[in-house]
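> What follows is the residue order along each chain.
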Amino acid sequence: GAVVSQHPSWVICKSGTSVKIECRSLDFQATTMFWYRQFPKQSLMLMATSNEGSKATYEQGVEKDKFLINHASLTLSTLTVTSAHPEDSSFYICSAAGLLDSPLHFGNGTRLTVT
Amino acid sequence: GQQVMQIPQYQHVQEGEDFTTYCNSSTTLSNIQWYKQRPGGHPVFLIQLVKSGEVKKQKRLTFQFGEAKKNSSLHITATQTTDVGTYFCAGRDKRGYQKVTFGIGTKLQVIP
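Protein sequences, first through last, are from chains A and B.
Everything in the first sequence is counted per the working numbering, starting at 96 for the first residue and increasing by one.
Everything in the second sequence is counted per the working numbering, starting at 3 for the first residue and increasing by one.
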């Protein structure tokens with residue numbers, strides 16, 4: 096089946112620093128990648144939709160300048176949490192979709208802790 | 003915007019009992035997907051339903067898509083401890099549109 100690799104799986108950083116998370120589709124070309132945030136015991140909250148070669152579409156309430164998304168190729172999207180603060184601590188998960196109407200394939204997620 | 007409601011949020015069952023989670027969309031869906039997330043893990047795709055009234059089975063799991071394509075259910079027969087996890091439905095409201103809206107999820111706990 097389709098594989099999506101997300102790196103790193105966990106990261107601890109100091110307040111004020113930036114953290115980059117990578118999401119790669121290993122065996123298929125992902126026309127669209129999605130970035131989610133999941134708080135403990137809660138559902139997946141979509142942050143933004145990323146299409147290769149174009150600007151990401153952010154959901155309402157998500158700060159574009161804080162969560163920078165780059166989708167440079169059909170197999171790689173990155174999420175950079177800029178000037179991280181403790182309230183940004185969360186579980187971030189990417190997913191990728193290939194063909195239209197196809198299921199989503201999720202990365203393993205990144206546990207971010209900001210101290 | 004589209005909303006996907008899912009109930010119940012939590013369910014504790016004795017091993018061997020059946021379990022059902024229900025999903026309801028505010029809009030007619032193009033298709034609906036079901037995912038399972040184990041504690042500490044990421045969501046894993048289970049199945050996609052496309053046709054009105056569709057029923058699909060995977061061993062002890064039965065998935066249904068309503069006639070109006072606005073609701074869906076997942077039924078597990080004779081639960082096992084390996085069924086523990088959170089089950090999410092995710093609805094796509096437009097054909098050819100990749101974005102899906104997730105339900106809140108149903109956390110299933112199976113008591114041995």
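Derived from the structure by calculation, the hints contain no laboratory data.
Just so we're clear, the structure is a prediction, and the values are computed from it rather than from any experiment.
Cβ coordinates follow ideal geometry from the N, Cα and C atoms, glycine included.
One thing to keep in mind: the hints can contain errors.
[What the hints assert, rightly or not] Computed, partial: chain B to chain A, Cβ under 8 Å:
| id | residue |
| --- | --- |
| 1 | N33 |
| 2 | P45 |
| 3 | F47 |
| 4 | Q50 |
| 5 | S54 |
| 6 | F90 |
| 7 | Q100 |
| 8 | K101 |
| 9 | V102 |
| 10 | F104 |
| 11 | G105 |
| 12 | I106 |
| 13 | G107 |
| 14 | Q111 |
[To be verified] Cross-link-like lysine-lysine pairs, in silico, DSS-like; alpha carbons within 25 Å at most:
| id | chain 1 | residue 1 | chain 2 | residue 2 |
| --- | --- | --- | --- | --- |
| 15 | A | K136 | B | K109 |
| 16 | A | K136 | B | K38 |
| 17 | A | K136 | B | K101 |
| 18 | A | K115 | A | K150 |
| 19 | B | K101 | A | K150 |
| 20 | A | K150 | B | K96 |
| 21 | B | K58 | B | K38 |
| 22 | A | K161 | B | K101 |
| 23 | B | K61 | B | K96 |
| 24 | A | K159 | B | K101 |
| 25 | B | K101 | A | K115 |
| 26 | B | K58 | B | K72 |
> Against the earlier hints, flag every one the structure doesn't satisfy and list their numbers going up.
As far as the earlier hints go, 5, 14, 23 are violated by this structure, in ascending order.
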